[in-house]
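Peer 1: Chains F and P are the protein sequences, given in the same order.
With UniProt numbering, letter number 8 in the first sequence gets 8, and the count goes up by one each step, no holes.
With UniProt numbering, letter number 68 in the second sequence gets 68, and the count goes up by one each step, no holes.
No wet-lab data here; the hints were simulated from the structure.
Hints should not be assumed to be uniformly reliable.
Copies of the same chain are indistinguishable here, so a pair counts whether it falls within one copy or spans any two.
[As the list claims (entries may be wrong)] Under the rule of at most 30 Å between Cα atoms (straight-line distance), these lysine-lysine pairs were calculated in the DSBU-like manner:
hint	residue 1	residue 2
1	56	82
2	194	82
3	93	221
4	270	221
5	93	56
6	270	49
7	71	194
8	194	93
9	270	93
Residues per chain are reported as follows:
2 protein chains.
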Amino acid sequence: MIKISIDAMGGDHGPNVVIPALQIVATRRPDIRFAIYGREEVVRPELAKFPGLAEKSELIHCDVAVRMDDKPSQALRHGRWKSSMWKAIEAVKAGSADACVSAGNTGALMAMSKFCLRTMATIDRPAIAAIWPNMRGESVVLDVGATIGADAHQLIDFAILGTGMARAVFGIERPTVGLLNVGVEEVKGQEEVKEAGRMLREANMASMSYHGFVEGDDIGKGTVDVVVTEGFAGNIALKTAEGTARQIGGYLRAAMSRTLMARIGYLFAKGAFDLLREKMDVSRSNGGVFLGLNGVVVKSHGGADSAGFAAAVELAYDMVRNRLLDRIEADLDLFHARNPQSPAIRRSDVAADEEG
Amino acid sequence: MIKISIDAMGGDHGPNVVIPALQIVATRRPDIRFAIYGREEVVRPELAKFPGLAEKSELIHCDVAVRMDDKPSQALRHGRWKSSMWKAIEAVKAGSADACVSAGNTGALMAMSKFCLRTMATIDRPAIAAIWPNMRGESVVLDVGATIGADAHQLIDFAILGTGMARAVFGIERPTVGLLNVGVEEVKGQEEVKEAGRMLREANMASMSYHGFVEGDDIGKGTVDVVVTEGFAGNIALKTAEGTARQIGGYLRAAMSRTLMARIGYLFAKGAFDLLREKMDVSRSNGGVFLGLNGVVVKSHGGADSAGFAAAVELAYDMVRNRLLDRIEADLDLFHARNPQSPAIRRSDVAADEEG
Chain F
1 MIKISIDAMG GDHGPNVVIP ALQIVATRRP DIRFAIYGRE EVVRPELAKF PGLAEKSELI
61 HCDVAVRMDD KPSQALRHGR WKSSMWKAIE AVKAGSADAC VSAGNTGALM AMSKFCLRTM
121 ATIDRPAIAA IWPNMRGESV VLDVGATIGA DAHQLIDFAI LGTGMARAVF GIERPTVGLL
181 NVGVEEVKGQ EEVKEAGRML REANMASMSY HGFVEGDDIG KGTVDVVVTE GFAGNIALKT
241 AEGTARQIGG YLRAAMSRTL MARIGYLFAK GAFDLLREKM DVSRSNGGVF LGLNGVVVKS
301 HGGADSAGFA AAVELAYDMV RNRLLDRIEA DLDLFHARNP QSPAIRRSDV AADEEG
Chain P
1 MIKISIDAMG GDHGPNVVIP ALQIVATRRP DIRFAIYGRE EVVRPELAKF PGLAEKSELI
61 HCDVAVRMDD KPSQALRHGR WKSSMWKAIE AVKAGSADAC VSAGNTGALM AMSKFCLRTM
121 ATIDRPAIAA IWPNMRGESV VLDVGATIGA DAHQLIDFAI LGTGMARAVF GIERPTVGLL
181 NVGVEEVKGQ EEVKEAGRML REANMASMSY HGFVEGDDIG KGTVDVVVTE GFAGNIALKT
241 AEGTARQIGG YLRAAMSRTL MARIGYLFAK GAFDLLREKM DVSRSNGGVF LGLNGVVVKS
301 HGGADSAGFA AAVELAYDMV RNRLLDRIEA DLDLFHARNP QSPAIRRSDV AADEEG
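Excised from the complex, chain F in its bound form (with noise of 0.2 Å):
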């Protein structure tokens, strides 16, 4: 059995959303338990319509909702010990639920989980890794948005903990790893990927296959496995291709309208196009998954249908069903009993990231 705790606030839609797709994620993991955290006048009536769902739910009223617009330190303040964010992320922190899934605002579940989770012993800094759908399949790249910046140390952090996840969720024996850079020869500033690149190389883990640099056009080729980058640049190439594939989807509705021929062209070839809508659909892949804490935490999109968030909700059951945290530990401690020197001469920012 595993348990899964469920904020059932979070998102554009709360409850009317987050229930249904419980109820998708029910029937296809038998084996899967709720502990769902809410309103209990709202989320009641729908857990009602399923009367299965409900057999393997337990529902904890919590007064307390984080709003979509909340800072994350208003999220703290108001939130802390009592809103549905934080009883959830509690729940896996007290060992009663195996990992927590939310659609509530990024900023403030990344505060609470930091703060009620901490990071693992070796870890600064937690990342978000996205799962990026490219031509071969599907690639696992960090950090899309926790922290700006990261320092070699960090960057090699990244690398474990998103190799641990492409082990857990693809299968993959030994994923190929890449960190992203710029094709420029020479160009100055960067000095912590080159350094990490070094690094990484002279590990030569059993775990990974260090690939070398790769840059943005790397990511839809699916020339990794493992995308490992800094928060600012990784969040901007999410939301860039997020932009893309808009911008090349209304390209296509407009062409597809424009004549009598497109639009008969368009009937003949629904099929493939419904292919290829499901093909660019985000949902598919939702979840941004948060690596480095003690515990699973799996933020799905705010505007996620229920299909999208089930999707999230199945990503943290194979997570925990794949041992992700063990393998990241292993991996972990490998590293770190071979380059003992490595923890002292890194900076910290724990402190400094705990106060915002």
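Please arrange chain P on chain F, whose structure you already have, making use of the hints.
Peer 2: Okay, now just chain P, sitting in the frame of chain F:
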């Protein structure tokens, strides 16, 4: 008359692509003249195929050609004073050409351009600006990879440079300007972006309308006319968008050849697909523009065909015609007259940059 100096030896195809491109431009821009730099024995026979073009062109033999895989320092060592790339740039410095176009390698072209033309008086670092198609038309995005990192003053320089380009190329009187940032609030770091935002708002310049922060997906939406960022994130955004466009193009081709119905639909909608391909074709808006130098240098994509190279030459022509440099200089003067302290407190990287 506008005279453009051409490095005929750059790019993957050299004169075979460059010379036919010039012929295309010459028919569309009757008052254009060319100074063509390259190995006479390969350029002369190409030029002989277009007698009309030959009349408008001067061919200057250069023994040395910078290779596509030369590092910037190698190119400077072997190609300074004598390569076709160097001579084409030098023609702009000498005033015998109004602008320079090359499809040679970016790093070498930037190194030579900086060395030969130098940065404008108040500008620390040049930027590479891309013309980026979006859902509302086109925008200018910079820096897409000239240098890594930028402080607040350099971001403001980029905003002024990009504004001048948007005015000269798109004919917009007062372009909207956005600073690329991540959406997560209260994230630490990127203080330089926040400071640049404050300064741009306070400056309230007549030539630009400062919009505020934009995110990665705003580029494709066309939220602003000019998107400003430092070169690492900008390069990754550009390459990621290119990769995403190719990825979706691949999905589309696969979907349209999968079933008989889809293939029939494709035949009906072929006109629409051709239009779509044209929309997605990067060569239509080909050309990275080097801004912040005492002269206009346009970098054409190395793999561009003649239509693509022609687009780059016409971009150079349009910028000269619309007095790009005068506009930029006027705006820089205005900004620094109002903010007299700003050059003093800026960090100067000029010396460090020129070592590379």
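Peer 1: Need the list of violated hint numbers for this structure, in ascending order.
Peer 2: Checked against the structure, the hints that fail are numbers 2, 3, 6, 8, 9, while the rest are satisfied.
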